[in-house]
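Chemist: Order-wise, the sequence lines are chains A and B. Okay, so the first sequence: first residue is 1 according to my numbering, each after it adds one. Okay, so the second sequence: first residue is 1001 according to my numbering, each after it adds one.
Possibly wrong hints are sitting among the right ones.
Said to hold, decoys possible - For lysine to aspartate or glutamate, the following EDC-like pairs were computed, each having C-alpha atoms within a straight-line distance of at most 20 Å:
hint : chain 1 : residue 1 : chain 2 : residue 2
1    : B       : K1445     : A       : E95
2    : B       : K1445     : B       : E1275
3    : B       : K1157     : A       : E37
4    : B       : K1157     : B       : E1069
5    : B       : K1038     : B       : E1114
6    : B       : K1157     : A       : E95
7    : B       : K1445     : B       : E1488
8    : B       : K1157     : B       : D1376
The hints are simulated quantities; they were obtained by calculation from the structure and are not laboratory data.
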Amino acid sequence: MAVPPSYYLLLSAALFCIGVAGVLTRRNALLFLMSIELMLNAANVNFVYFSQFWGNVTGQTFSLFVIALAAAEVAIGIGIILVLYRNFDGVDVTEATTMRW
Amino acid sequence: MIDLALQTVPGVADGLLPAAVLALTALLLFGIDTINPKEDSLALLCGISVGGSLLALALAGSLLAAGYEATPVYGDALMIDGTSLFFTLVFASVTALVSVASYDYLRDQDYCAEFYALVLFAATGMSLMAAANSLATAFVALELTSLPSYALVAFLKTDEGSVEAGLKYFLVGALASAVLVFGISLVYAATGAMTFSAIAEAMVGAGDVAGVLGLGVVMIAGGVAFKMAAVPFHFWAPEAYEGAPAPVSGFLSSASKAAGFALAFRIFVGAFPVEMAVPMGVDWVLVFQILAVGTMTLGNFAAATQENIKRMLAYSSVGHAGYALIGLAALSAGGPNGNVLGASMAHLFVYGFMNTGAFLFVAMAEHWGVGRTLEDYNGLAATAPVASVAMTVFMFSLAGLPPFGGFFSKYVLFYAAVESGFWWLAAVGAVNSALSLFYYSRVVKALWFEEATVPLEIGRRPVGLYVSVLAAALGTLILLPLFGPVVETAQTVAAALF
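Construct all of the structure, not just a fragment, from the sequences and the given hints.
Modeler: Printed below as a string of structure tokens:
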């Protein structure tokens, strides 16, 4: 029995919202990165399912690109978090407030 | 002709050569750094970086002058046409200015080769953003621009301000790119296509999933609004520009912003044509109207309250994003769309020179150890008259006073908006311009009319910074007689998009 497309949209939307909630509530920079990862993977769920739905491989191929770029983004992010740790003795994103928001 | 000599490079379409030159220059810098990792070769690294960006500038210019025909390359993934070449001109000239200016900034720094390589990689990403013809390449090019930019902002890694700025830029940027990619996935879900032309075709049959499509379109708009520093995603800008090394602030606020606009023009004009999207209820023009008015107003009002010059310039760049957004906000089915979009492109072109110049003047002041607030600039004209004349030109041009480039570009932009029937957008823009004159003239007043509180000692004159500030001022002034051809070119290439 085929699962209707709307279920996949709901699943990805739920994942995305969990990611957004994480971004908004977490103060730890590493957990922030994980939340971003969750949001990107929500998009991947859509890409993979709708690739099958439409019968072309564009979406599946692009999901590989998204995974690779997520890795690159984490690499830069970890680098910045590392210098954050050295300068502010912690990875709490609310600690770094020498300039006002 | 340079382009003829290089036309035979195998595997690269000749319209892609400017981007290829930028990327190869970055790799060359890495190569030199690997062979000779000592930090004594700054002049060489700077020279290569400037040479590479000037070569890319010359290539893009000669291709554009020769009337390059729109060519899709790599299976429709990229589209090389007048628009992509026009924006490459902007990116390459800003890159050249920033590279020259960084020479003095990097003198006491380690990792000079990495700095220049990151700048050039970001420039490569920008010129690919301007050429993107599919949502997939759009996302990859946007990340190629963003990732080096995060590293550049946090470049001074022992400086708390720089690290904090880098962190905030990265946090907002990562969030925006996640929103963008989710938007792309929703558009793919509704249409089953990635290339812009295929999406536009598939939209005809997507009437029953207009909700999914519309949400995707709004999320894509949010993702590019981050790059433009337009209102809902603007709040990284003051932090990032204040904390970042000043040449990097200039680079981000001019080139990176223009790249965001290039991408937005491509995506929204190519994939979601107005005459199809608006009747379906996917009214992205309305979204951009709200963004334009909000961005102009908030940017200019916030700039008027700043005491810190860098923050003021940051908010003024937010305000200018609002003016340029008129290019998307004043589109309508059957209207003179090429004119208004082209006017916005011409404004971004002029803005590239005057805004980079203003940030480079701030870099020069930082180099001399002048403080960051408006009061610290008091009486600077007495000690550095030439640079102050240049800064005055930038300020008046940014404000849009008549004899400068900024006046013509704003005039053409507002005129095109009125012509399209969106007189109220032009009116909001004009009121905001008048307000902006207030805070720009405060800088000029501080430079020329106030007495210095502390006598200023200027050590040596930084050659690179002087050259680049004067080049930017010259660019702003040359654009007076040249503005006609620039705006004509911009409107011709923009009309070809529709």
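Chemist: To test your reading of the hints: which numbers does this structure violate?
Modeler: 1, 2, 3, 4, 7 and 8
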